[in-house]
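A.B. asks: Chain by chain, the residues run as shown.
There are 2 protein chains.
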Amino acid sequence: MAFTPLLEDLIDALRCLPGVGQKSAQRMAFQLLERGREGGWALSRTLAAALEKIGRCETCQNFSETPQCPLCQDASRETDIMCVVESPADVMAIEQARDYRGQYFVLMGHLSPIDGIGPEEIGVDKLLQRVTREGTRELIIATNPTVEGETTAHYIADRLADNGVLITRLAQGIPVGGELGYIDGSTLVHAFTGRKPLAG
Amino acid sequence: MAFTPLLEDLIDALRCLPGVGQKSAQRMAFQLLERGREGGWALSRTLAAALEKIGRCETCQNFSETPQCPLCQDASRETDIMCVVESPADVMAIEQARDYRGQYFVLMGHLSPIDGIGPEEIGVDKLLQRVTREGTRELIIATNPTVEGETTAHYIADRLADNGVLITRLAQGIPVGGELGYIDGSTLVHAFTGRKPLAG
Ligand SMILES: [Zn+2]
Ligand SMILES: [Zn+2]
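Chains as they are written, first to last, in the UniProt record's numbering: chain D, 1 to 200; chain U, 1 to 200.
Among the clues, some could well be false.
No distinction is drawn between identical chains; accordingly, a pair holds when it is met within one copy or between any pair of copies.
The calculated lysine to any residue pairs, modelled on SDA-like cross-linking and capped at a C-alpha distance of 20 Å, are [what the hints assert, rightly or not]:
hint, residue 1, residue 2
1, 53, 182
2, 53, 12
3, 196, 68
4, 126, 109
5, 23, 167
6, 126, 146
7, 23, 108
8, 196, 150
9, 23, 98
10, 53, 126
11, 53, 197
12, 53, 36
13, 23, 121
14, 196, 70
15, 126, 41
16, 53, 41
17, 196, 86
18, 53, 42
Hints in this document: simulated from the structure, not taken from any laboratory.
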């Protein structure tokens, strides 16, 4: 053994982080001990506090340390439009675009029968109750454009078929700034299918 | 703000890790909260224990949670040869090659006057005392083949000029498995200068 046991333990523990293998974990451990002790203490404390206090928002299921998350508490947001996403990272990305000002519902995953993840696990009933209770006018189902995301979107749309709410999906096509030659075929098919007349 | 405050704090805290930017820190925080809570608790606890208990070995300056590190305590190692390296990662790499069985001295850096790092900061006096006390026969100065590493090596060699210890540097040349066409010019110069007759 080349390392003192606690250092080996620290390297092992750092490997629980996504994308961190043995080499990066070593580098992280060395830096924390050599130059980053203050940051290391802050990380240890903040991580414990976050794990202890962060649960789910009762309304939208997003991460929250209070019963209602800051977005659900924000009275200035529109109440008749709701966006369904798979993860908190999606909420973050949409908020950073600073365009959408409605409500959210975070599934924290997608339907995946093979992993035992059914409608109950992702909170579909809760979503349906909210749509009815809040009189949602439009539900944007922004699950990922993957097989699982599409399946989840269709399942939710089916369950709401008789509700009268307008159900929409995000447009698929060429990303802004994207180069045509580097875009995959199925995105191109969507881009052609969804083509629009050029105004002017 | 799209995230609950503690989650923002956790993302900030994770950015103290080397190579972790905003996006990776977000991904790490989400994974710790979504699926990795057990690993997260272990990381928080192990990190606190490591920061509290890991200091320096009194003999070789490597990380250790005991006054003497496991390598310095190992009575089966040769005592008349010592290898000077810049960091604990170097000790790790050398130990993994399973060839060298002598002592170590870890500078925890290199001379860098511009950063206020002089001989005292990297423990040169301590190294010299050890060489004299232990009657070291050969001192392999395995600092990095960089300007700072070479400067540090020459400084230590100068200080030991009258000591009688044999001072060596690691051979420089083509890495095993390296492709000639992809090796930088200065390595090639070293490889040519240090060429050896082919036995046979
Ligand atoms: Zn909420
Ligand atoms: Zn030691």
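A.B. asks: Give a verdict on every hint.
C.D. replies: Each hint, compared with the structure:
1. Within a single copy, residue 53 and residue 182 get their C-alpha atoms no closer than 44 Å, and across copies no closer than 52 Å, so neither meets the 20 Å cut-off.
2. Taking CA atoms no more than 20 Å apart as the test, residue 53 paired with residue 12 passes between copies only; the shortest distance there is 17 Å, against 25 Å inside one copy.
3. For the identical chains of this complex, residue 196 and residue 68 are neighbours neither inside a copy (40 Å) nor across copies (73 Å), given an alpha-carbon limit of 20 Å.
4. Taking the shortest alpha-carbon separations for residue 126 and residue 109, only the intra-copy value of 15 Å comes in at or below 20 Å, while the best inter-copy value is 57 Å.
5. For the identical chains of this complex, residue 23 and residue 167 are neighbours neither inside a copy (47 Å) nor across copies (31 Å), given an alpha-carbon limit of 20 Å.
6. Taking the shortest alpha-carbon separations for residue 126 and residue 146, neither the intra-copy value of 23 Å nor the inter-copy value of 61 Å comes in at or below 20 Å.
7. Taking the shortest Cα distances, residue 23 and residue 108 sit within 20 Å of each other only across copies (18 Å), while inside one copy they are farther apart (31 Å).
8. For the homomeric pair residue 196 and residue 150, neither the shortest alpha-carbon distance inside one copy (23 Å) nor that between copies (65 Å) is at most 20 Å.
9. Taking the shortest Cα distances, residue 23 and residue 98 sit within 20 Å of each other only across copies (18 Å), while inside one copy they are farther apart (38 Å).
10. When the C-alpha separation of residue 53 and residue 126 is checked against a cutoff of 20 Å, the pair qualifies neither within a copy, at 22 Å, nor between copies, at 48 Å.
11. For the homomeric pair residue 53 and residue 197, neither the shortest alpha-carbon distance inside one copy (51 Å) nor that between copies (68 Å) is at most 20 Å.
12. In the homo-oligomer, the alpha carbons of residue 53 and residue 36 lie at most 20 Å apart only across protomers (15 Å), although the nearest pairing inside one protomer, at 25 Å, exceeds that limit.
13. In this assembly of identical chains, residue 23 and residue 121 lie within 20 Å of each other by CA distance neither inside one copy nor across copies; the values are 36 Å within and 27 Å between.
14. Taking identical chains as interchangeable, the C-alpha atoms of residue 196 and residue 70 are never at most 20 Å apart, the minima being 37 Å within one chain and 70 Å between chains.
15. In this homomeric assembly, residue 126 and residue 41 never come within 20 Å of each other (Cα to Cα): the closest approach is 39 Å inside a single copy and 30 Å across copies.
16. Proximity of residue 53 to residue 41 under the C-alpha cut-off of 20 Å is found in both arrangements, the shortest distances being 18 Å within a copy and 13 Å between copies.
17. For the identical chains of this complex, residue 196 and residue 86 are neighbours neither inside a copy (28 Å) nor across copies (62 Å), given an alpha-carbon limit of 20 Å.
18. For the homomeric pair residue 53 and residue 42, the shortest alpha-carbon distances inside one copy (16 Å) and between copies (16 Å) are both at most 20 Å.
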